[in-house]
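Take these sequences, add in the hints, and give me the full structure.
Chain by chain, the residues run as shown.
Protein chains: 2
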Amino acid sequence: MYYELSPRKQAILKAIVDAYIETGDPVGSKALTQSKQFVLSSATIRNEMAELEALGYLEQPHTSAGRIPTELGYRFYVDALMQDYALSQGELAELNSMLKAKTAELDKLIQNAGKVMANLTNYTAIAVKQSSGKNTVTRFSLTLIDENNFLLVMVCGNRSAKTRFVRTDIPVNEEVLEMLSQVLNNFVAGRDLSTITLPYLMQMENCLGQYSGLVSPIIKFVYDAVGEENQRDLRIDGVDKLLEYPEFLDQGKLKDMLGMFDRKEELLELLDEEGTNDVTILIGKEKGVQAMEGSSLVFKKIVVDGKTVGAVGVIGPCRMDYSKVVSAIRYLSDGIADAMHPRPSLGEIPPPDDNHK
Amino acid sequence: MYYELSPRKQAILKAIVDAYIETGDPVGSKALTQSKQFVLSSATIRNEMAELEALGYLEQPHTSAGRIPTELGYRFYVDALMQDYALSQGELAELNSMLKAKTAELDKLIQNAGKVMANLTNYTAIAVKQSSGKNTVTRFSLTLIDENNFLLVMVCGNRSAKTRFVRTDIPVNEEVLEMLSQVLNNFVAGRDLSTITLPYLMQMENCLGQYSGLVSPIIKFVYDAVGEENQRDLRIDGVDKLLEYPEFLDQGKLKDMLGMFDRKEELLELLDEEGTNDVTILIGKEKGVQAMEGSSLVFKKIVVDGKTVGAVGVIGPCRMDYSKVVSAIRYLSDGIADAMHPRPSLGEIPPPDDNHK
DNA sequence: TTTAGCACTTTGATTAAAGGAGTGCTAAAC
DNA sequence: GTTTAGCACTCCTTTAATCAAAGTGCTAAA
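So the sequences go chain by chain: A and B.
Heads up: the first sequence at position 194 corresponds to 194 in the numbering used here, and the numbers run straight through without jumps.
Heads up: the second sequence at position 309 corresponds to 309 in the numbering used here, and the numbers run straight through without jumps.
No wet-lab data here; the hints were simulated from the structure.
Where chains are identical, the list cannot tell them apart; a pair therefore holds if satisfied intra-copy or between any two copies.
Simulated pairs of lysine-lysine, BS3-like, Cα-Cα distance not exceeding 25 Å: (1) Lys220 x Lys115; (2) Lys100 x Lys220; (3) Lys115 x Lys307; (4) Lys115 x Lys255; (5) Lys36 x Lys14; (6) Lys285 x Lys14.
Now the structure itself:
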């Protein structure tokens with residue numbers, strides 16, 4: 001698809017995107033000739049720009065403004081034209097000081113990553129602790145608190161556990177809980193989380209005799225817990241950075257963004273983007289999310305021992321300093337993975353056994 | 001301080017604040033006479049307004065606009081003039097549906113409280129789970145996973161639970177865990193979290209015989225969990241609601257707010273505001289926080305058994321529908337407290353100082 | 001194929017004028 | 001003494017008009 005662009009067109013496109021990223025003003029033919037990098041007249045450049053526009057890489061805000069890149073233009077830029085950015089000493093120092101902090105705790109690392117990222121790039125940062133896709137329920141454990149309250153613990157295959165306090169109007173005791181626990185384990189233990197649906201859980205009701213009244217709260221909690229387990233913890237830092245970019249002064253855009261930050265699900269879906277294990281760049285509405293119009297999301301998964309444990313990234317206007325952002329994200333994501341990897345020390349979560357039991 | 005206001009001045013002030021809260025436009029003398037509630041000419045009202053301005057309750061955006069309340073004006077309004085707002089059927093239903101969810105888990109309740117609050121009031125909601133300094137460990141529960149792994153669950157007095165996977169090189173089985181659990185419960189259950197220090201935990205080592213090797217990961221976990229439990233978790237919902245109020249279109253204000261939401265410490269400090277146990281209203285820069293200029297924070301602590309376990313509130317423009325907000329917050333805060341500590345007639349949760357086992 | 005030249009469009013900033021809202025003050029009425 | 005009608009004044013907002021700047025597309029020549 002891209003081969004249709006002559007080297008000269010590519011060079012012009014690159015120059016336009018670079019300039020637009022830097023200034024935010026539409027760039028005209030004259031500005032390019034003045035930058036000395038082309039020995040062409042503005043008229044020639046105008047012709048090329050007109051063709052780039054016809055091909056869909058550029059657009060004009062209005063008849064007589066300069067050109068700005070379209071989503072396709074940015075796409076081509078990041079795929080083929082963008083140069084690597086070498087992080088400065090100061091930037092490296094900032095990133096390292098965070099990574100060197102003596103904690104191998106993923107939560108903390110990811111939390112800090114967001115802050116550092118927002119600070120360094122001057123875009124809003126996102127950081128997510130991500131549970132790996134396939135997960136099973138290992139077992140349930142019920143702990144009596146008093147006759148109207150017990151604690152439900154759901155232990156998952158990926159070494160995580162969810163707890164939930166359950167209040168019940170039907171008095172319970174150790175024996176009842178034992179019984180309940182067996183039924184629950186028979187029904188749900190060992191199953192993949194995704195196969196635990198509401199209708200499936202309903203079947204439990206029959207097995208509980210006089211305690212079938214307990215089933216509905218429990219079903220709800222199991223269902224919630226399953227949902228929660230699939231829910232990842234998304235942090236967003238530096239929301240106020242959005243305001244530094246005029247594209248978000250339009251209050252409609254800003255509202256879209258803030259709404260998305262609030263809801264989070266949409267954002268998490270975008271982060272699920274499979275594919276590459278390197279930095280992923282989503283430009284504008286590429287993935288069909290309306291609220292992303294005019295914005296780009298750049299992120300990289302954090303992979304430890306072949307498992308995705310989270311991701312860090314940045315969200316900002318399409319007119320984003322991609323090369324710097326990509327370098328920073330790559331460095332940070334890899335750095336966190338490194339920090340997580342070594343030293344199996346006390347109290348840490350052990351690496352997953354291939355089989356237990 | 002307030003006695004200097006004649007009843008008529010108070011009525012006029014109230015009418016102005018009410019009108020301004022509703023429309024957001026400065027209100028002039030004519031508008032008040034047209035509202036039929038005063039049998040006075042606009043000239044008389046103008047005189048009163050001029051005096052109210054001299055006293056510091058009103059101000060004019062410019063020479064020939066109407067008047068708007070000053071911070072002092074709002075203060076007097078909420079302290080003395082504001083009428084109670086009766087929540088509508090629909091609003092009550094919304095609040096109740098959240099409270100009725102059969103979970104006594106504070107985290108979830110507070111999480112949902114924020115969402116419901118933002119939705120109901122149309123202002124940005126804040127919800128904080130505040131560990132009261134005083135929290136106790138109710139009990140421990142150990143669940144075997146396989147001979148080298150078990151799950152440690154710590155149940156706290158304030159209805160929260162922490163879990164941790166423990167891997168051990170010393171093979172364990174149900175009996176060992178039972179024994180461990182007893183030792184743990186003897187040592188730690190019922191104690192205030194703040195009294196659980198590292199040296200104290202170390203003493204456990206002696207009681208465990210051949211399993212004393214297990215103690216160190218457990219100690220680390222308990223210690224971590226205690227720390228985590230003391231951390232306050234501030235959630236902010238409905239940030240995009242800010243954009244519905246023209247006072248935040250001024251991008252400076254908006255940036256201040258978003259910055260404050262990002263940092264959180266400042267906000268947490270404001271929430272620490274002691275004093276009343278009812279709804280607290282902070283207007284503008286009253287507490288010396290620059291970023292709060294033009295904004296108000298309304299919140300109420302959630303108190304269970306005399307202990308503050310969190311708070312819910314709302315943040316928005318000074319021109320806020322205080323009466324509705326206050327009603328909603330009061331209802332929700334009390335409702336959560338109830339849900340955490342249901343009526344004793346059901347004989348449910350024993351007060352935390354009760355003996356355990 | 002490239003370029004110089006030029007007419008054309010659109011934006012943004014500036015200015016001027018008109019309209020509106022609300023006030024403060026004065027003097028008269030209650 | 002209080003209240004009110006009347007009126008001049010101030011300041012904001014909107015609209016329209018003008019002007020300069022920026023950038024383009026097109027044509028014709030190099």
